[in-house]
Amino acid sequence: MAATAETIQQVKELGDRYKYGFSTDIESDMAPKGLSEDIVRFISAKKEEPEWLLEWRLKAYRHWLTMPEPEWAFVDFPQIDYQDAYYYAAPKTGDKPKSLDEVDPKLLETYAKLGIPLREQEVLAGVEGAPKVAVDAVFDSVSVGTTYKKQLEAKGIIFCAISEAIQTHPELVRKYLGSVVPAADNKHSCLNSAVFTDGSFVYIPKGVRCPMELSTYFRINQENTGQFERTLIIADEGSYVSYLEGCTAPMRDENQLHAAVVELIALDDAEIKYSTVQNWYPGDENGKGGIYNFVTKRGACRGRNSKISWTQVETGSSITWKYPSCILQGDNSVGEFYSVAITNNRQQADTGTKMIHIGKNTRSTIISKGISAGRANQTYRGLVRIQPGAEGARNYTQCDSLLIGDQCGAHTVPYIEAKNSSARVEHEATTSKISDEQLFYCRQRGLSDEEAVALIVNGFCREVMRELPMEFAVEATKLVGISLEGSVG
Amino acid sequence: MDSTAEILLERFSGDADTDRTAARDRFRDAGLPTPKQEAWKFTNLRPLAQFLDARTEPANDSRPAIPDTLVDGAYRVLIIDGRIDGDLSDAGIDGLSLAQGSGLQADTDSGRALRDLSIAMADDGLRITLDANATPPRALELVFIGTGSRSGGHHFTLEIALGSNSALTVVEHHLGSNAYAATLATDVRLADGARLRHVKLQDESTEAFHLSDCAVEIGRDASHERFVLSVGSRLARDEVHVALNGQGSSVRLLGAYAGRGQQHLDHTTHIDHAVPNTSSHEVYKGVLDDRSRGVFQGGIRVMKDAQKTAGHQLNKALLLSRQAEIDSKPALEIYADDVVCSHGATAGEIDEDALFYLRARGIDAQAAKSLLVQAFLDEAFDGIADEGLRERLKDRVHGALQLEGAAHG
Chain P
227 MAATAETIQQ VKELGDRYKY GFSTDIESDM APKGLSEDIV RFISAKKEEP
277 EWLLEWRLKA YRHWLTMPEP EWAFVDFPQI DYQDAYYYAA PKTGDKPKSL
327 DEVDPKLLET YAKLGIPLRE QEVLAGVEGA PKVAVDAVFD SVSVGTTYKK
377 QLEAKGIIFC AISEAIQTHP ELVRKYLGSV VPAADNKHSC LNSAVFTDGS
427 FVYIPKGVRC PMELSTYFRI NQENTGQFER TLIIADEGSY VSYLEGCTAP
477 MRDENQLHAA VVELIALDDA EIKYSTVQNW YPGDENGKGG IYNFVTKRGA
527 CRGRNSKISW TQVETGSSIT WKYPSCILQG DNSVGEFYSV AITNNRQQAD
577 TGTKMIHIGK NTRSTIISKG ISAGRANQTY RGLVRIQPGA EGARNYTQCD
627 SLLIGDQCGA HTVPYIEAKN SSARVEHEAT TSKISDEQLF YCRQRGLSDE
677 EAVALIVNGF CREVMRELPM EFAVEATKLV GISLEGSVG
Chain R
28 MDSTAEILLE RFSGDADTDR TAARDRFRDA GLPTPKQEAW KFTNLRPLAQ
78 FLDARTEPAN DSRPAIPDTL VDGAYRVLII DGRIDGDLSD AGIDGLSLAQ
128 GSGLQADTDS GRALRDLSIA MADDGLRITL DANATPPRAL ELVFIGTGSR
178 SGGHHFTLEI ALGSNSALTV VEHHLGSNAY AATLATDVRL ADGARLRHVK
228 LQDESTEAFH LSDCAVEIGR DASHERFVLS VGSRLARDEV HVALNGQGSS
278 VRLLGAYAGR GQQHLDHTTH IDHAVPNTSS HEVYKGVLDD RSRGVFQGGI
328 RVMKDAQKTA GHQLNKALLL SRQAEIDSKP ALEIYADDVV CSHGATAGEI
378 DEDALFYLRA RGIDAQAAKS LLVQAFLDEA FDGIADEGLR ERLKDRVHGA
428 LQLEGAAHG
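If you read the sequences in order, they're chains P and R.
Numbering follows the working numbering, in which position 43 of the first sequence is assigned residue number 269; successive positions increment by one, without gaps.
Numbering follows the working numbering, in which position 218 of the second sequence is assigned residue number 245; successive positions increment by one, without gaps.
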């Protein structure tokens, strides 16, 4: 079929199309190469952290040394040399910038290239009815600027770099840090706990509905650096927040490690919506270079009627290892996971979710759409566990895979553990390719091959895409377009 | 080296046989599987070890009662405590031949240590061969009886080889009394165009362990239909590995299980689609009461060149008690693009609305519940062609679950 062949061709070309593959020449302040207790102390000292946090980091580091590499995922890569990387890199800006005007213009330029209108936001602010997005930008290891802080502060919302929160709100950080993802949870989260450098901190006070989307853009710039960000979001009783996360990195031949930890806590009646568009550099068509994206994301629905919703569009990274999960502890709490994952060339992705039902009448929905092309391999790996006390729990899972080309693979590994008879668990999965009938149907109605493929792929992902906030949906649709069609949209 | 493995292998006597020696060596290295191994995540064999230990005292010593045949007029072979009882004189007609002895190859697949154990320690074995084009009108029924009168467990190997375009029905009936551990390794090879219907009733003593590992190779245009009903055992695992090696081949795996008390019933299947144009269809239905636990692990793997594959897999479990548990892992591993594969899994209790509907029509709660459970299980039984056999098996599962109306089918 010509259309399929064309799509395969376009997919192949994607390697040349990574438009975020530039690097910015900015002087950096870096820690010596390698990993040791001294590096952990160095990072902690650089951040002027309190003693308890240093101890916490060191404990994690010591435990990390004893942990084996996780080997159960369907991903294949050479052993990581943890000593061959820098664990701290910060753009050299002297004192912390007081406002965006003091930020290195080269940095701002970088963000402009990324399409993140840090400055434009200020202009937009005056425009009535324009959607507002508060942005925290993390460059290599350090947060370089947060917008809209004043307006958020007026509502009592804390949105800042986590290193700042450690100084200004130590009691909140200390209470919640590591309470959802314990340091020793897994090898990668343990490393993160030892060497995390920055990330965002969000606290929404009781009864407050965050008036704008909060957003963080992560960027790995320096060569040979790993990025270890740590995000902590707390939604107090009855509050609501929607948080967006985007990531990019320059094209480099070597593999760079990104081991982030994200913890979400939703108290009674609170809701957190967390959306990710992950577009780290995926490596070239031969699988050279690219980011190892080993991320631990977990949300705890601690309170009654709380809700956590994960939406992710995963198109980048050479290897993705990521399972955003929900612990549904509070009665009537709700967990959602919507995912589109696209792998191409030699990308590998092992991604999915865990829904742990503990409270009564907890509900979870999992919708996962995987598209595998080129020589890529992709796995949905998920766990739905109904604990004995989860009376009336309900889960619905649907994971569909679409294969483009005969060299790729798509796998599904769901685990379903039901320990309560009043729970209802449903799981469905399908794997298929774009059928000739579907193409024929579209073409018969006057669509070109290309448009037809675009339409079908779009339709395939639609259930997930519509969950994205508007600002992100546009970007995500574009990304899917670049990945699979060239002219979707 | 695992010391448990060493004890289990104490009775080993197959030194002359290279396959048995190879199997022994691998089992000795691997030991009994533990829940740390992915394939045994949900089934813990720790309580099994003492029953496989040859040094324990046998519990009982008496001649067991022989049940009626499940299929009218079937050829029958009795296997008591892992040994063939009597001669195999029934054989040699209709192109069917039966021979005593084991010819199973040691498997190199990891995580199948019990298969190695069965091969290494086999007390006896049966080889069933059917000539090309032969279609015996009578089914072959194998009755495995455990009495608990032999220590160290009993191990048996079974080989079924069908010539091209032949067709056979094999029925396995496992039953027994007292406590014992039975392991069974089976090899099935279907030549081009052959058809095998394989029906297994696992109705072991509820103190017994039943561990069965079956490897099936299916040739061009050949088809295999397998049905398993598990009602017995304290802990049972029915593991099937199917390789669809010939174009146009197909497999249907059907299963039903009914757990009560503290039973643990594990069904593990793996289907490899190795060549283009093959199909698989899998339906397992389970009902779990009291504190019983069901495990379903399904795997479909579509190899790189196996285009035009159809693979469907379904596991549904009905939990009748608050303490019952079901663990499902229906996995797909797909390396070809022109495929239609799906799987589904559900778990839940009896539909309140359906119950209400029946009760509103004057049917009492218990009868309504029975009706719904029977209806739920029926789908899995549909694949059994022989009506008499189907009804007997249905009666058995209804009896096991103490459903009303079981006495009259």
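The set of hints was computed from the structure by calculation and includes no laboratory data.
Honestly, I wouldn't trust all of these hints.
[As the list claims (entries may be wrong)] Taking CB as the label site, the calculated pair distances span: (1) P:Gly382 to R:Asp317: 49 to 55 Å; (2) P:Lys376 to R:Ala381: 57 to 63 Å; (3) P:Asp662 to R:Asp317: 30 to 36 Å; (4) R:Asp405 to P:Tyr308: 56 to 62 Å; (5) P:Glu295 to R:Ser124: 28 to 34 Å; (6) R:Ala387 to P:Gln664: 42 to 48 Å; (7) P:Glu295 to R:Ala159: 48 to 54 Å; (8) R:Lys63 to P:Pro408: 16 to 22 Å; (9) R:Asp409 to P:Gly672: 41 to 47 Å.
[What the hints assert, rightly or not] Derived list of chain R stretches under chain P, where covered just means 3 residues or more per stretch with a C-beta under 8 Å from a C-beta of chain P: (10) 259-265; (11) 366-374.
[Said to hold, decoys possible] In silico EDC-like pairs for lysine to aspartate or glutamate, Cα to Cα no more than 20 Å straight-line: (12) P:Lys659 to R:Asp378; (13) P:Lys381 to P:Asp302; (14) P:Lys586 to R:Asp378.
Note that this is a predicted model, so its numbers are computed, not measured.
All residues carry an ideal CB built from backbone N, CA and C; glycine is no exception.
To see whether the hints hold, each was checked on the structure:
{"no.": "1", "hint": "P:Gly382 to R:Asp317: 49 to 55 Å", "in the structure": "holds (53 Å)"}
{"no.": "2", "hint": "P:Lys376 to R:Ala381: 57 to 63 Å", "in the structure": "holds (59 Å)"}
{"no.": "3", "hint": "P:Asp662 to R:Asp317: 30 to 36 Å", "in the structure": "violated (51 Å)"}
{"no.": "4", "hint": "R:Asp405 to P:Tyr308: 56 to 62 Å", "in the structure": "holds (57 Å)"}
{"no.": "5", "hint": "P:Glu295 to R:Ser124: 28 to 34 Å", "in the structure": "violated (53 Å)"}
{"no.": "6", "hint": "R:Ala387 to P:Gln664: 42 to 48 Å", "in the structure": "holds (44 Å)"}
{"no.": "7", "hint": "P:Glu295 to R:Ala159: 48 to 54 Å", "in the structure": "holds (52 Å)"}
{"no.": "8", "hint": "R:Lys63 to P:Pro408: 16 to 22 Å", "in the structure": "holds (21 Å)"}
{"no.": "9", "hint": "R:Asp409 to P:Gly672: 41 to 47 Å", "in the structure": "holds (45 Å)"}
{"no.": "10", "hint": "259-265", "in the structure": "violated (count 0)"}
{"no.": "11", "hint": "366-374", "in the structure": "holds (count 9)"}
{"no.": "12", "hint": "P:Lys659 to R:Asp378", "in the structure": "violated (35 Å)"}
{"no.": "13", "hint": "P:Lys381 to P:Asp302", "in the structure": "violated (47 Å)"}
{"no.": "14", "hint": "P:Lys586 to R:Asp378", "in the structure": "holds (19 Å)"}
Taken one by one, the earlier hints fail for this structure at numbers 3, 5, 10, 12, 13, listed in ascending order.
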